[in-house]
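Enquirer: Please work from the sequences and hints to get the whole structure.
There are 2 protein chains.
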Amino acid sequence: MARIAVTDGIDENAAESLRESGHQVTIGHHEADSLRSGSLSDFDIVVIRSATKMVEEVISANSGDSGSLKLIIRAGVGVDNIDIDSATSHGVTVCNTPGASTNAVVELTIGHLLSSVRNIVRSDRKMRDGVWAKKEMRGSELRGKKLGLIGYGRIARGVAEIASGLGMEIHAYDPYMSSELMDGDFTLHEEVDSVFKECTHISVHCFFSDETEHMVNLRRVSMMPSIGADGIECGNHIVNCARGGIVDEEGILEALKTGKLSSAALDVFESEPATGNSLLGHDRFSSTPHIGASTREAQARIGDEIISIVEEFEQGIIPGSALNRLL
Amino acid sequence: MARIAVTDGIDENAAESLRESGHQVTIGHHEADSLRSGSLSDFDIVVIRSATKMVEEVISANSGDSGSLKLIIRAGVGVDNIDIDSATSHGVTVCNTPGASTNAVVELTIGHLLSSVRNIVRSDRKMRDGVWAKKEMRGSELRGKKLGLIGYGRIARGVAEIASGLGMEIHAYDPYMSSELMDGDFTLHEEVDSVFKECTHISVHCFFSDETEHMVNLRRVSMMPSIGADGIECGNHIVNCARGGIVDEEGILEALKTGKLSSAALDVFESEPATGNSLLGHDRFSSTPHIGASTREAQARIGDEIISIVEEFEQGIIPGSALNRLL
Numbered sequence: 099m100a101r102i103a104v105t106d107g108i109d110e111n112a113a114e115s116l117r118e119s120g121h122q123v124t125i126g127h128h129e130a131d132s133l134r135s136g137s138l139s140d141f142d143i144v145v146i147r148s149a150t151k152m153v154e155e156v157i158s159a160n161s162g163d164s165g166s167l168k169l170i171i172r173a174g175v176g177v178d179n180i181d182i183d184s185a186t187s188h189g190v191t192v193c194n195t196p197g198a199s200t201n202a203v204v205e206l207t208i209g210h211l212l213s214s215v216r217n218i219v220r221s222d223r224k225m226r227d228g229v230w231a232k233k234e235m236r237g238s239e240l241r242g243k244k245l246g247l248i249g250y251g252r253i254a255r256g257v258a259e260i261a262s263g264l265g266m267e268i269h270a271y272d273p274y275m276s277s278e279l280m281d282g283d284f285t286l287h288e289e290v291d292s293v294f295k296e297c298t299h300i301s302v303h304c305f306f307s308d309e310t311e312h313m314v315n316l317r318r319v320s321m322m323p324s325i326g327a328d329g330i331e332c333g334n335h336i337v338n339c340a341r342g343g344i345v346d347e348e349g350i351l352e353a354l355k356t357g358k359l360s361s362a363a364l365d366v367f368e369s370e371p372a373t374g375n376s377l378l379g380h381d382r383f384s385s386t387p388h389i390g391a392s393t394r395e396a397q398a399r400i401g402d403e404i405i406s407i408v409e410e411f412e413q414g415i416i417p418g419s420a421l422n423r424l425l
Numbered sequence: 099m100a101r102i103a104v105t106d107g108i109d110e111n112a113a114e115s116l117r118e119s120g121h122q123v124t125i126g127h128h129e130a131d132s133l134r135s136g137s138l139s140d141f142d143i144v145v146i147r148s149a150t151k152m153v154e155e156v157i158s159a160n161s162g163d164s165g166s167l168k169l170i171i172r173a174g175v176g177v178d179n180i181d182i183d184s185a186t187s188h189g190v191t192v193c194n195t196p197g198a199s200t201n202a203v204v205e206l207t208i209g210h211l212l213s214s215v216r217n218i219v220r221s222d223r224k225m226r227d228g229v230w231a232k233k234e235m236r237g238s239e240l241r242g243k244k245l246g247l248i249g250y251g252r253i254a255r256g257v258a259e260i261a262s263g264l265g266m267e268i269h270a271y272d273p274y275m276s277s278e279l280m281d282g283d284f285t286l287h288e289e290v291d292s293v294f295k296e297c298t299h300i301s302v303h304c305f306f307s308d309e310t311e312h313m314v315n316l317r318r319v320s321m322m323p324s325i326g327a328d329g330i331e332c333g334n335h336i337v338n339c340a341r342g343g344i345v346d347e348e349g350i351l352e353a354l355k356t357g358k359l360s361s362a363a364l365d366v367f368e369s370e371p372a373t374g375n376s377l378l379g380h381d382r383f384s385s386t387p388h389i390g391a392s393t394r395e396a397q398a399r400i401g402d403e404i405i406s407i408v409e410e411f412e413q414g415i416i417p418g419s420a421l422n423r424l425l
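Chains A and B supply the protein sequences, listed in that same order. Per my numbering, the very first residue in the first sequence carries number 99; after that it's consecutive. Per my numbering, the very first residue in the second sequence carries number 99; after that it's consecutive.
In silico EDC-like links for lysine to aspartate or glutamate, alpha-carbon gap of 16 Å or less:
{"hint": "1", "chain 1": "B", "residue 1": "K232", "chain 2": "A", "residue 2": "D106"}
{"hint": "2", "chain 1": "B", "residue 1": "K233", "chain 2": "A", "residue 2": "E370"}
{"hint": "3", "chain 1": "B", "residue 1": "K358", "chain 2": "B", "residue 2": "E331"}
Hints listed in this document are in silico derivations from the structure and should not be mistaken for laboratory results.
Expert: This is the structure we're talking about:
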């Protein structure tokens with residue numbers, strides 16, 4: 099039975115299930131200093147979200163000769179906060195729970211798209227200000243428009259399915275797309291610029307990296323057509339529920355000011371918490387505080403995945419979501 | 099060629115097309131007094147929205163022995179503002195454009211549903227207030243939940259299609275459903291109460307009448323289960339993009355206050371403009387100013403339908419959307 103540290107919280111039912119299976123589960127935050135001093139060294143497994151930074155110094159202080167840590171489970175998708183190379187060299191397996199939050203992000207993305215084109219957030223604000231802005235709030239429909247997906251992984255494909263059902267035409271850019279996915283009902287672009295040139299609606303679904311940093315910027319947004327595939331002047335719209343920094347916020351604000359963008363909706367920011375962000379003052383900007391995976395359902399599914407990862411690992415099986423293969 | 103009065107506005111392209119076909123189109127508001135004095139008596143056709151009230155006195159002053167009015171076209175769906183019996187007895191045909199705004203209302207309804215369960219409007223408000231309320235904004239997913247549709251006409255069926263794609267289970271109450279529609283992939287309820295007992299999400303898609311007034315009320319909302327079909331505590335949610343007055347606003351406010359409702363989203367109100375509405379103060383209420391049909395696409399389609407109604411009528415054909423059959 100494993101000794102498990104949970105440093106950034108976990109679904110209650112999952113913790114309960116792990117305990118019922120005989121595991122020792124210790125829930126509580128570890129400060130960066132403590133981590134560097136080996137506060138995880140008496141644990142076999144650590145379950146983290148994004149707050150705990152598993153950098154080289156932390157991994158080496160808790161594994162190998164210095165401790166018993168053998169498995170890092172990221173409850174969620176993004177592993178920006180884990181030095182996977184370092185984990186590999188110290189014999190520590192890294193897993194995430196990639197499928198658990200897919201539907202949560204898909205639904206938030208569609209929600210932001212619909213809210214943006216129909217001015218739901220702006221309308222509510224006007225109503226609370228005592229203004230019945232019926233004419234000003236005229237919007238456009240998603241049906242008949244081209245949706246450009248930057249990245250075509252699991253979440254983007256889920257968004258594409260719903261957006262197709264809404265009558266959108268799907269375009270995608272993803273240089274890492276595996277060949278078996280290329281035959282779907284969408285247009286695959288080899289250049290990111292060409293997606294912007296064709297699509298009035300863009301949604302971001304890629305990882306953050308040097309390559310994707312500021313991929314959505316003023317230059318590219320300026321290429322967007324403003325007129326839908328159906329000939330309707332629907333304006334241009336951007337949604338990012340993936341990772342902060344892929345959208346150049348300064349460029350987006352400029353595009354909102356000039357009217358090149360009719361709306362922008364962000365769930366993620368270059369700097370979080372984003373309470374002082376200058377985009378927040380713009381009427382046609384709307385935002386949520388990084389809640390893409392934040393549904394009760396996703397948390398429950400993450401809990402289920404953590405349980406199965408722990409079970410497999412205890413049986414000596416490499417979990418399916420392992421991000422490194424140890425020698 | 100017909101003399102056409104347009105009293106509440108029309109899509110520019112539609113007016114242009116009608117003129118190009120040789121019709122005389124006069125655009126401008128008519129006061130109630132003028133209408134009663136026969137200001138439409140020199141027109142063959144009047145195109146109205148909801149603002150112009152075609153009551154008995156107005157119809158009799160402009161048709162039959164008193165004038166040449168023979169066709170009333172409602173640019174939109176609701177004909178609460180037209181006395182159809184009076185029109186029939188004066189030999190005036192009444193048409194609306196029922197299909198033109200369907201998709202616009204479908205998309206707004208799904209937008210309100212997603213925005214409600216993911217706290218998009220609340221999140222944006224908090225962000226602008228300088229609060230990063232990530233934990234408070236945790237939401238739930240539509241997938242795996244039961245959606246109850248009150249009324250199962252064209253719009254409700256469109257909502258059902260998208261909601262099914264999102265993984266919802268569809269329930270409907272519609273005592274006027276034609277038998278050929280009963281075999282779809284949904285559960286048909288014979289009692290409205292039973293929809294509320296089963297569904298955590300309710301969307302209104304019926305006409306306003308004595309029968310439907312306050313059909314959504316505190317008693318019925320109190321029957322809603324709070325726990326989704328998938329076992330998730332998602333709370334209860336109400337959306338109305340149909341007609342004001344079907345939802346008892348006082349009851350809904352009470353249900354929001356007690357937490358029986360987790361959200362309510364209204365596009366239509368008992369009294370409009372609804373700027374002083376007491377619901378507007380509640381954090382979990384969100385609203386839009388009666389913009390269900392207010393998309394560029396719907397206005398363009400309404401224009402197209404008006405043109406074809408005028409053409410058919412001029413050729414002596416009863417338009418397909420005629421709401422009365424003259425003897």
